[in-house]
Each structure stands twice: as structure tokens, then as C-alpha cells.
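Peer 1: Next come the chains, spelled out residue by residue.
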Amino acid sequence: MNRFLIAFILCISMTGMLIGGGFNIYEFGARSSTLGGAVVAQAYDASTIFYNPSGLAFLPGTNFYGGVSLITSNSKFAGALPTWGGAEHETESQLFSPIGVYLSHHFSEKFAAGIGVTNPFGLGVKWANDFPGDYISRKSQIVSFYVSPVLAFRITQELSIGGGPDIVYSSVDLIQGLYPFKGPGSTGPEVGEATLNGNSGIGIGFSASVMYKTERAAIGFLYRHQVKNTFDDGTAKFTYYENAADQNALAFAKLNIKDQKVSTEVTYPNFLSFGAYYLVTPKFGVEVDVMWFRWKVVDELVLDFETLPTAVLPLNYDNSWQVRAGAHFEATEQLSFRVGFIYDQSPQPIESVGPLLPDANRNDFTVGVGYNFGRVQADAGYMLVNFLERSTVEDGVGKNENSFDGTYNSDANLFFLSIGINLRQ
Amino acid sequence: MKRIITFLIIAGIIVLIACTPKYPAAPELNIKQNQLVLSKMVYLGNSLTAGLQSAGLVKDFQMHSYPYLIAQQLGKADVFEQPLIDDPGISSTPGVGVLDFVNGNIVPRGTYTDPLALLLNPTLSRPYDNLGVPGADLNDVLNTIDGTGGNPFFDLVLRNPNFAGMTQLEQVIALLPSLVTVWVGSNDVLGAALAGGDLTQITPPGEFQTNYATMLTELGSIRGGNVGIILLNVPNVTDIPYVNVLDSVFRTIPLLGINNPVPVLFKTEVNVLGGVDFVPIDFGGFYLPLYTSEFYSGVAHVLLPFLSEYSDNGLGVPNAPIITATLIQAGWDSLTAAATAQQLEAGMVAAGLTPSGVPVPGNLTITAAEEAAITGAVTGFNQIISGIAGTAAIPLIDANDLLNDLNMNGVDGYSGKFILTDPVNTAFSLDGVHPNNGGNAIIANAVIGLMNTFPDIQIPLIDTEQYKGQYVGKPVAKISKEAANLVRPIFVKKKN
Chain A
1 MNRFLIAFIL CISMTGMLIG GGFNIYEFGA RSSTLGGAVV AQAYDASTIF
51 YNPSGLAFLP GTNFYGGVSL ITSNSKFAGA LPTWGGAEHE TESQLFSPIG
101 VYLSHHFSEK FAAGIGVTNP FGLGVKWAND FPGDYISRKS QIVSFYVSPV
151 LAFRITQELS IGGGPDIVYS SVDLIQGLYP FKGPGSTGPE VGEATLNGNS
201 GIGIGFSASV MYKTERAAIG FLYRHQVKNT FDDGTAKFTY YENAADQNAL
251 AFAKLNIKDQ KVSTEVTYPN FLSFGAYYLV TPKFGVEVDV MWFRWKVVDE
301 LVLDFETLPT AVLPLNYDNS WQVRAGAHFE ATEQLSFRVG FIYDQSPQPI
351 ESVGPLLPDA NRNDFTVGVG YNFGRVQADA GYMLVNFLER STVEDGVGKN
401 ENSFDGTYNS DANLFFLSIG INLRQ
Chain B
426 MKRIITFLII AGIIVLIACT PKYPAAPELN IKQNQLVLSK MVYLGNSLTA
476 GLQSAGLVKD FQMHSYPYLI AQQLGKADVF EQPLIDDPGI SSTPGVGVLD
526 FVNGNIVPRG TYTDPLALLL NPTLSRPYDN LGVPGADLND VLNTIDGTGG
576 NPFFDLVLRN PNFAGMTQLE QVIALLPSLV TVWVGSNDVL GAALAGGDLT
626 QITPPGEFQT NYATMLTELG SIRGGNVGII LLNVPNVTDI PYVNVLDSVF
676 RTIPLLGINN PVPVLFKTEV NVLGGVDFVP IDFGGFYLPL YTSEFYSGVA
726 HVLLPFLSEY SDNGLGVPNA PIITATLIQA GWDSLTAAAT AQQLEAGMVA
776 AGLTPSGVPV PGNLTITAAE EAAITGAVTG FNQIISGIAG TAAIPLIDAN
826 DLLNDLNMNG VDGYSGKFIL TDPVNTAFSL DGVHPNNGGN AIIANAVIGL
876 MNTFPDIQIP LIDTEQYKGQ YVGKPVAKIS KEAANLVRPI FVKKKN
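Which chain is which? The protein sequence lines are A and B, in order. Residues 1 to 425 in the numbering used here are what the first sequence lists, from first letter to last. Residues 426 to 921 in the numbering used here are what the second sequence lists, from first letter to last.
Calculated from the structure, these hints are not laboratory results. Take these hints with a grain of salt, some might be off.
[As the list claims (entries may be wrong)] Straight line, CA to CA, 30 angstroms or less: simulated DSSO-like cross-link-like pairs of lysine-lysine:
no.	chain 1	residue 1	chain 2	residue 2
1	A	Lys237	A	Lys126
2	A	Lys237	A	Lys254
3	B	Lys457	B	Lys447
4	A	Lys182	B	Lys457
5	A	Lys182	B	Lys501
6	B	Lys893	A	Lys182
7	A	Lys254	A	Lys182
8	A	Lys76	A	Lys126
9	A	Lys399	B	Lys447
10	A	Lys237	A	Lys182
11	A	Lys76	A	Lys258
12	A	Lys258	A	Lys228
13	A	Lys399	B	Lys457
14	B	Lys692	B	Lys893
15	A	Lys237	A	Lys76
16	B	Lys447	A	Lys126
17	A	Lys76	B	Lys457
18	B	Lys484	B	Lys501
19	A	Lys228	A	Lys296
20	B	Lys501	B	Lys893
21	A	Lys76	B	Lys447
22	A	Lys182	A	Lys296
23	A	Lys237	A	Lys261
24	A	Lys258	A	Lys182
25	A	Lys399	A	Lys126
26	A	Lys283	A	Lys126
27	B	Lys501	A	Lys399
One chain only, chain A, in its complex shape (with noise of 0.2 angstroms):
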């Protein structure tokens, strides 16, 4: 009974941890993801490169930075009545782990470079076989790598500038149940499992940043160029139910829909970071940041097939804005405790909230330690992303644009772990 109580409480007290609104991920340091992401005004580590690359001109020395995020996440669905009849659904438990790893030098006292590793767009949704919303989606992942080369120049004792290119790498995923004769009103029968992998080209985006930082006082701004992947070389396949309930259905899918080719693209936004940070006292400081994400580049996904009709799945999302905030506390020389605290609007309009991602305004609440060894660094947290409850029905009316109309309850868990090695002061 105590445990339960224990474990209520620390819902309620972490409320909020991140993956970013859409499919935005920002973890990619646990120091910084524990202090809410809100670090563009700061330049403590070499994930700097990543939230912004002029910081490294304040960072000493040769610095290696490298962790990982392990994020599950669970959706639940109840269908709207009478549509669907109340029904109730979760996604699958799945873990992702998206990497932050860096390595920064520092040239002289004006130049710094490094290079970055990143995943910053992504998704994972994945619905189990009975999902009746599986004629639109039954898994979808997307998965980014972002490997960044950057420079910073420190133009004054106060000023840097950096940045650099992004070259940008991506693959995905979609597996869909195959209901050759869906439409308004009716799915129509399934008869299988359509399956699209893709592995993009490489796209290339870049960023460019500013830090103004004083003794006890900082301020950043960092903009990341959109890119677009392209994917020239997808699979789709196909596979059929033997025992379909409608053969003739099946029978027509064997005949027209068969294995072949899929191209399509996909954007990932621009966006852009301003934050204030201060150092209340030697030991605790805090930061708060300000971000606006272009979503709305993401207005469709295409998928032009071979030989089957191009089929367009519309998402015309909104640009969106996030607020985060962040303190540490160094409780010793050693030892430093963080929290973080996110409020991320999502830019998916009601119409595309649906099984391929079922987003939602969220609140995320970090909470971080820090402890540091001598040249080397040990950073570890947890942020709870807490979904507000979000339905597709509004005044009674259905509004999902495949008609697949309910309520969405989601959240995620992140745990951080993180290490900074001192390779050279």
C-alpha cells in the first residue's frame, strides 16, 4: 500500500518529462535533459554542440560527451461511441534509444570545433494486431540521424558565434493492415499486412547559433535549418491472410496489389531556441528557454508507388512553440542535483491525431543528478512526458479524418545516462 502511495506521489511530483511535441526529440545529453532542455544559454558540456554550437568556444579543453535516452512510451485509445463502441486499446511496449554523442577540441581562445551525433526526429507508435484503427496505421517509426560538424568562434571575451552543417540520414517504417476496399463508411475486409521500409539519402540542413555570457549571466540563440529526406528506394510489401473472411477481396488484392518500389520525403522543421540563463547564487543557477518549431513543412506524407496509386496521408500540421525551464543546484563540489520542467504544444491539428501518432499539448517534468569524478563526468535522470488526454471528437462530432474518432491518453518515461571525459584540459 505504501508502494503504491510512494509511486503516486512521484507521479504527480514528475509529472512532465520530454519527448518533443510532434515527432521533435531533444534528449540528447542527460545533463541537459534534466534540466528541462533549457541549456541553449549554457555551455557545461560538449552536448553543446547539439543546443548550441558557440558554446564551445567557453568549453576548455578536448571533451568527449556520449549517452543514451531510453524512452518507452504507451498510448490508450478508447473509441467514440456509438462509432466504435468504447473500445479499448494501448499500443505495444517498445523501447527507443536515441544517442547524444560528442566530441569537442578546443583550438585556442578564440576557436573551438566539434562534431556531433544526434537523433533528433523520430517516432514510434505501434498498435497490436487487433487494433481496428490498423487500417490506418499499425506501427509507425521514424529514426534520424543528425551527425553535425561544427565551429565556434568567441568574437569577444563575452560573444561567440558557431554553428555548422547538419548532414542528416533517416529511415523508416510503416506497417498498415491491408483493406484493399476501404473507404468513407466501411473499411471493407482485411486480407493482410502492407509493410513499407525505407532507407533516405542524405539530406543536409545546418545551424548557426550565438552565446553572450558574462560571469554570471548568459543568454543563446540557436536556429536549426529544416531538411528533407528523401526516400528513393523504399520497399512496399505485402502479405495476404490465406483464411481472409472475403477470398474474393483477397483474391482481388493478389491480383493488384503486389511487392514493389515506394518513394517518398520527409521534412523535418526548422526551428529556433532563445533562453536566459542566471546564476542565483554559486550554487544554483536557472535557465529559461523559448522555442518555435516550423511544423508546418510537415503538411503531408506522399508515398508514390511503383505501380499502386500514390497514396497521400494529409498532417498540415501547425508551427508550435515550447517553454522549458531548468535549475541546478551543485550540492557539493561534486555532486549537482537538477529539475526540469517543459511545456510543449503540439503541432498536430485534431484532424491527424490518429493511430500513425496520437500527439498531444504536453507537460514534462525532469529531474537529474550529476555527480563529477575529476576529468570525468557522470550524469544520469528521469523525465515523465505526460500527454494531456486529447480526443478527436469535439461537440459530439467526429473530426479524425479517416473517421477513426476517439480519445487518446498517452505518456512516456526517459531515463538518461550520460558521461563526460576531460580528454584534454
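Place chain B on chain A using the hints.
Peer 2: Relative to chain A, chain B alone:
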């Protein structure tokens, strides 16, 4: 330390479990459970369902098919899929389009070379929601997959072999509809009437019963039985303008010893409806019978295509020798008969007729015996349908009664007369067989009326008045020969 680590691990697991989100409450739509039956409506039938008018199928007619009009009332017309056909439309006469009413004449809209090229939405990746195939009889619904039998509409609607050889019925089932409206059976008897009483074109009742029951059994299994079905029965195919357009020219002729009404020579007179009436010609005290090959069998109806042959070539207009023989047979002496016949022939010419002496062939007339057989077949089919519907508790619309009401009393101000007679109020299209826009609206309202007896269903009825005046223009004086030729072969098929 170990205890602390153990505590942290346990606490962590509990946090994860306890933080798993709860199931949200199911939201409620402004739809009642009983209204789900309207979520996916599919229609199975023949030309009456397809929206065929004026001898053919074309998009502006299809946009007034009764299923489409119902979809409009439900606000779902934009997602209701039909095999839309571009101009000039397709009749079953190869290469010729639908009939139009142009400057007072009934003429084909145009010609085409490839019927399949006229299909506007051939790539729809699912069966059409309107699965009415012009010309389909009950056996076709269950078994026919393409147009190899000579009917191109099967190719246009069913799109085989791309749909893996699926029949009309199988395509309906594959759409997993919530409500199927079925109107089949007319073509199991219509051909007999349009061929002038070819009774071999009537489907044997036993076969009809078996096929109808099979069809309903298969439809009833959709969604595990959670499907709504509405049936319409067979309208009396001798009660349509194609058959009854000249019923007004039947008279007894006591002077010739003819005491049962027979068709007589007639002329046209403009009537108060803006059309023309067919009026028997009084030749100095008596009427002259049309010269028909089935005269002695008791002609009951003269069919619509006869009109053009009558006015153009004098088909059925007797000449002096024939009249002489008729008079002699009626007891006249030969000299008086010959002299009178000469006078009558001169009178016919003066009336604008052409005394050809060529009899109306049997395929343009229906005898009383043929009509009785046809009407009996309709009654039999409708008894089969009502019997099966009653047993299975499937709602049934009496389309035959609706047609009868149209002819006897009119419906919403519409009449069952042909356009030549009643160009403003007619509910029939230019072919005299199929309903026009207003006629389809009347049918749609009958179906909506039945749907509105379902719990929680209230679909607004169609304002049928808006479809009046489809054939605005000068009243026609005659049906053109080419138009008449177009009308007939569509529905008359050779039985295998």
C-alpha cells in the same frame, strides 16, 4: 547502500507501472446507435438503380439516380461513388449515346467509339457504391462478371478482370456495407414486354425464387448479420409509357362487327398539358382498325417504337384492298365495300397518313394473352419477394404499387404519361421505360420514407418539385425513328 539501491529499483518500477496512463473515457458522437445503419450504404440493382434514363447512362443522369439523391439528402454525395460515364453516354446500341430532347425532338446526344474510354473514374480502388448494372437480371446479379454476353455495362461497373472476377453481389459484400438496398427482378420480365410479348424472356419462377433466396442469404451474412437490407419489388412492366402510350386509340367498331376495343387509326391533337393526344380518326361515322398481324389475337397494346414507323412509313395503315376485304368480311357487299374503301383511302391521305398496307408486326404489339402472362409473371415474382421478405423480416417497398399510383392518381403532381403527351409533369424519361429526374426523386422519397421508419432515423424528404421541367421546350410532334430504334434493343435480350 544495497538497501537504498533496492529501494530505488523497486520505487522506479512502481513509478513506471503507476504512471502508465489510464484509459480515457470513451467520447460520444452526436450519432445514435440506430443511425449507424446509414454509415455505409450500397445499392444493388439494374438500370433503375444505375440511374439510366432516356435509353442510356451518362453522368448527368447518374447524378440523379435514386441512390445518389438519397446520398445527397444525407450530405454524403461527395463520397458516394458511381461509375460515372462521360458524354455522350452509353446506350446498348454500340457507338450511340443517350437520348436528348432538343428543339422538340428526341435525338441521340452523340456517338462514341470505345465505351470503356468514357468511364470517368475507372481507377477507384474499391467497388462502386452504386452497383446497379443496366440490363442485369437476377441471374446476372449472382453470376455475370463481364460484358462478354454483349452488355458493356457489366464491364463498366464491375471492371473485371481487375476485380478478380467478382459479380455484382460479391462486390456489394466486399464493401462491407451497413445497409444494402436491393431492387432487382424487372429485367426478368421486362424484355418480354419490350419485345412485344416474347414470353420466352420471362425467368421461370422457380429459378427466380432460388436465386432471390440465395442472394438474400449471402447479403444477410454481411458483418456477421449486422447489416440492414431494404427490398423493392418489381413494377408492372406493362404499365409504362413504352407499352401504354397508345392505349387511348383503342375503340370498338360495331359497324365492322368489332365489339372488343382494338387500336384504330389516329392523329395527334395539341392538349392542355402542352403535349399532344393521340386521337382516333372518325371516318364518317366509324373508325378504321390499325392493320396488325396480331389483330385476331386481340391486341392489347401498341408499343412506343411503332409511332415513328406509323408517321414515317404508314406502318399499320391499311390500303384500299385491305379495307375492302375487311368490309366484306364484316358483311358488306363487294361493290359497296370497294367504293367505300376508295373513299376511306382518300380520307387517310387527306389526314396525312400513308396507306402502306403493311401490318404492324407482332413484336410491336402485345396481345391480351401476352399481357396476362407478363402481368402474371410480375405478380408471381412479387409474391416470391414478399414471401422471402416476410419470412426474413426484411422491409419491402411496393414499387409496383407506387407505379400504379403514379398512373392512376399522379404523385407530387407527376404523371405516368409519356413526354409527348405530358412534357411538363411526366415522371418518365424519353425512353418511356425509365424514370426521369423527378421519377427518381419519387423513388428516392419512397426509400427514404421507409428508412425513416427505422428507429432514430429522420432523413429529410426530397422536394420533387425542383425536378419538374426537365424537358422544357416545344412539345414534340413525334418520336424520331432513330430514337425509337435506340429505345428498344437495350432491354430486349436473347436468352441463352
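Peer 1: Please write out, lowest number first, the hints stated earlier that are contradicted by the structure.
Peer 2: 6, 11 and 26
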